[in-house]
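Listed below are the residues making up each chain.
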Amino acid sequence: EAGVVQSPRYKIIEKKQPVAFWCNPISGHNTLYWYLQNLGQGPELLIRYENEEAVDDSQLPKDRFSAERLKGVDSTLKIQPAELGDSAVYLCASSPSLGPNTEAFFGQGTRLTVV
Amino acid sequence: GQNIDQPTEMTATEGAIVQINCTYQTSGFNGLFWYQQHAGEAPTFLSYNVLDGLEEKGRFSSFLSRSKGYSYLLLKELQMKDSASYLCAVRGVAAGNKLTFGGGTRVLVKP
Chain A
6 EAGVVQSPRY KIIEKKQPVA FWCNPISGHN TLYWYLQNLG QGPELLIRYE
56 NEEAVDDSQL PKDRFSAERL KGVDSTLKIQ PAELGDSAVY LCASSPSLGP
106 NTEAFFGQGT RLTVV
Chain B
539 GQNIDQPTEM TATEGAIVQI NCTYQTSGFN GLFWYQQHAG EAPTFLSYNV
589 LDGLEEKGRF SSFLSRSKGY SYLLLKELQM KDSASYLCAV RGVAAGNKLT
639 FGGGTRVLVK P
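Keeping their order, the protein sequence lines are chains A and B. Residues 6 to 120 (this note's numbering) are what the first sequence spells out, left to right. Residues 539 to 649 (this note's numbering) are what the second sequence spells out, left to right.
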């Protein structure tokens, strides 16, 4: 069974440019998360989807970040315009449901460098 | 909100035992997870605790005390490949059941 797939693995852009990340969760997983991880720190939740509905986007900087999950499967996370401080690893994760013992499965992440 | 604390870094010798502590504060505790993350790779699931006590999985064990808001991950018979970051994560009902991570503990195993 394929795991969570993210692309691209690496992205370098100039500040003020737009950037988009793509995530394909594990088949059948209703819950999808986008996390941001800075070097040496734990992942921080940006947004969580239950199917196509964003149920927790309280940590998403909505002035420049947006996300969508059309048809409740794949998801994209966009930053426009990117700032230097956005340089980080963006992790996508999925889980079958919100049952208490359902762990999240993570993708390899997209490492973003804003120059 | 949810607050999770764990040490930043630990060093241990190959073959030894290391215990990584995690303390947390959350409303409506609904489970604690441990993940392993090698540099440049995705976090991978290690263990889950929701009831008090010890869960053992081979060389790795995880303990939970809900009354103390405390957990630890025990790594026995350390191997060089165990050098990684270990992330403690808590799920809380009051936080909409989202998974909140601590900062991670970087473990360095020396020969």
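Worth flagging that the hints you see were computed from the coordinates, not collected in a lab. There's no promise every hint is true.
What the hints assert, rightly or not - 35 Å max Cα-Cα, derived DSBU-like pairs, lysine-lysine:
1. 619(B) x 16(A)
2. 76(A) x 636(B)
3. 636(B) x 16(A)
4. 67(A) x 20(A)
5. 636(B) x 20(A)
6. 83(A) x 636(B)
7. 21(A) x 67(A)
8. 21(A) x 76(A)
9. 16(A) x 67(A)
10. 76(A) x 16(A)
11. 648(B) x 16(A)
12. 636(B) x 606(B)
13. 619(B) x 595(B)
14. 21(A) x 636(B)
15. 67(A) x 636(B)
16. 595(B) x 636(B)
17. 67(A) x 83(A)
18. 636(B) x 614(B)
19. 614(B) x 648(B)
20. 20(A) x 76(A)
21. 648(B) x 595(B)
22. 648(B) x 606(B)
23. 606(B) x 619(B)
24. 614(B) x 595(B)
Claimed, not checked - Quick partial rundown of chain B residues pointing at chain A, CB under 10 Å, derived from the structure:
25. 544
26. 546
27. 571
28. 573
29. 575
30. 580
31. 582
32. 621
33. 625
34. 639
35. 640
Stated by the list, open to error - Over the 10 Å line for every Cβ pair with chain A, so calculated as not near, a few chain B residues:
36. 586
37. 605
38. 612
39. 619
40. 634
Using N, Cα and C, we set each Cβ at its ideal position, and we do this for glycine too.
The hints, checked one at a time:
With a C-alpha separation of about 28 Å, the suggested pairing of residue 619(B) with residue 16(A) holds against the 35 Å cut-off. About 22 Å separates the Cα atoms of residue 76(A) and residue 636(B), which keeps this hinted pair within 35 Å; it holds. Taken as a hint, the residue 636(B) and residue 16(A) pair is honoured in the structure, with Cα atoms around 28 Å apart against an allowance of 35 Å. As the CA atoms of residue 67(A) and residue 20(A) are separated by approximately 18 Å, the hinted pair is consistent with the 35 Å bound.
The suggested pairing of residue 636(B) with residue 20(A) holds, with an alpha-carbon distance near 31 Å, which does not exceed 35 Å. With a CA separation close to 22 Å, the supplied pair residue 83(A) and residue 636(B) stays within the 35 Å bound. Between the alpha carbons of residue 21(A) and residue 67(A) the distance comes to roughly 16 Å, so the proposed pair stays at or under 35 Å and holds. Only pairs whose Cα atoms come within 35 Å are accepted, and residue 21(A) paired with residue 76(A) is accepted, the gap being roughly 30 Å.
About 21 Å separates the Cα atoms of residue 16(A) and residue 67(A), which keeps this hinted pair within 35 Å; it holds. About 26 Å separates the Cα atoms of residue 76(A) and residue 16(A), which keeps this hinted pair within 35 Å; it holds. Restraint check for residue 648(B) and residue 16(A): the C-alpha separation of about 34 Å stays at or below 35 Å, so the hint holds. Restraint check for residue 636(B) and residue 606(B): satisfied, since their Cα atoms lie roughly 21 Å apart, inside the 35 Å limit.
A hinted pair counts as satisfied when its Cα atoms are at most 35 Å apart, and residue 619(B) with residue 595(B) qualifies at roughly 17 Å. As the CA atoms of residue 21(A) and residue 636(B) are separated by approximately 31 Å, the hinted pair is consistent with the 35 Å bound. Among the hinted pairs, residue 67(A) with residue 636(B) is consistent with the structure: their alpha-carbon atoms are about 19 Å apart, no more than 35 Å. A threshold of 35 Å between alpha carbons decides the hint, and for residue 595(B) with residue 636(B) the separation of about 25 Å falls inside it, so the pair holds.
Between residue 67(A) and residue 83(A) the alpha-carbon distance is near 10 Å, which keeps this suggested pair within the 35 Å criterion. Taken as a hint, the residue 636(B) and residue 614(B) pair is honoured in the structure, with Cα atoms around 30 Å apart against an allowance of 35 Å. Distance check on the hinted pair: residue 614(B) and residue 648(B) sit about 14 Å apart at the alpha-carbon level, within 35 Å; holds. Proposed proximity of residue 20(A) and residue 76(A) is supported: the alpha carbons are some 31 Å apart, at most 35 Å.
Proposed proximity of residue 648(B) and residue 595(B) is supported: the alpha carbons are some 23 Å apart, at most 35 Å. Taken as a hint, the residue 648(B) and residue 606(B) pair is honoured in the structure, with Cα atoms around 32 Å apart against an allowance of 35 Å. Restraint check for residue 606(B) and residue 619(B): satisfied, since their Cα atoms lie roughly 31 Å apart, inside the 35 Å limit. Distance check on the hinted pair: residue 614(B) and residue 595(B) sit about 11 Å apart at the alpha-carbon level, within 35 Å; holds.
Look at residue 544(B): its Cβ gets to within about 9 Å of chain A, closer than 10 Å, so that hint holds up. Among the interface hints, the one on residue 546(B) holds; its C-beta lies about 8 Å from the nearest C-beta in chain A, closer than the 10 Å criterion. A distance limit of 10 Å between C-beta atoms decides the matter here; for residue 571(B) the minimum to chain A is near 6 Å, and the interface restraint holds. Satisfaction of the interface hint for residue 573(B) is found here, the shortest Cβ-Cβ separation to chain A being roughly 8 Å, below the 10 Å cut-off.
With 10 Å as the threshold, the beta carbon of residue 575(B) comes within range of chain A, its nearest partner Cβ sitting at about 9 Å, so the hint holds. Taken as an interface hint, residue 580(B) checks out: its beta carbon lies about 4 Å from the nearest beta carbon of chain A, inside 10 Å. Of the supplied interface hints, the one on residue 582(B) holds, with its beta-carbon coming within about 7 Å of a beta-carbon of chain A, less than 10 Å. Because the beta carbon of residue 621(B) sits about 15 Å from the nearest beta carbon in chain A, more than 10 Å, this interface hint is broken.
With its C-beta approaching chain A no nearer than about 5 Å, residue 625(B) sits inside the 10 Å limit, and its interface hint holds. Nearest Cβ of chain A to the Cβ of residue 639(B): about 4 Å, under the 10 Å cut. The hint holds. Below 10 Å, beta-carbon pairs count as interface contacts, and residue 640(B) has one with chain A at about 5 Å; its hint therefore holds. Not every Cβ of chain A is farther than 10 Å from the Cβ of residue 586(B); the closest lies at roughly 5 Å, contradicting the non-interface assignment.
For residue 605(B), the non-interface assignment is confirmed: its Cβ lies about 18 Å from the closest Cβ of chain A, beyond the 10 Å cut-off. Residue 612(B), annotated as away from the interface, keeps every beta carbon of chain A farther than 10 Å; the closest lies near 19 Å. The claim that residue 619(B) is not at the interface with chain A holds, since no C-beta of that chain comes within 10 Å of its own (minimum 18 Å). The beta carbon of residue 634(B) sits about 5 Å from the closest Cβ of chain A, which is not more than 10 Å, so the claim that it is off the interface is violated.
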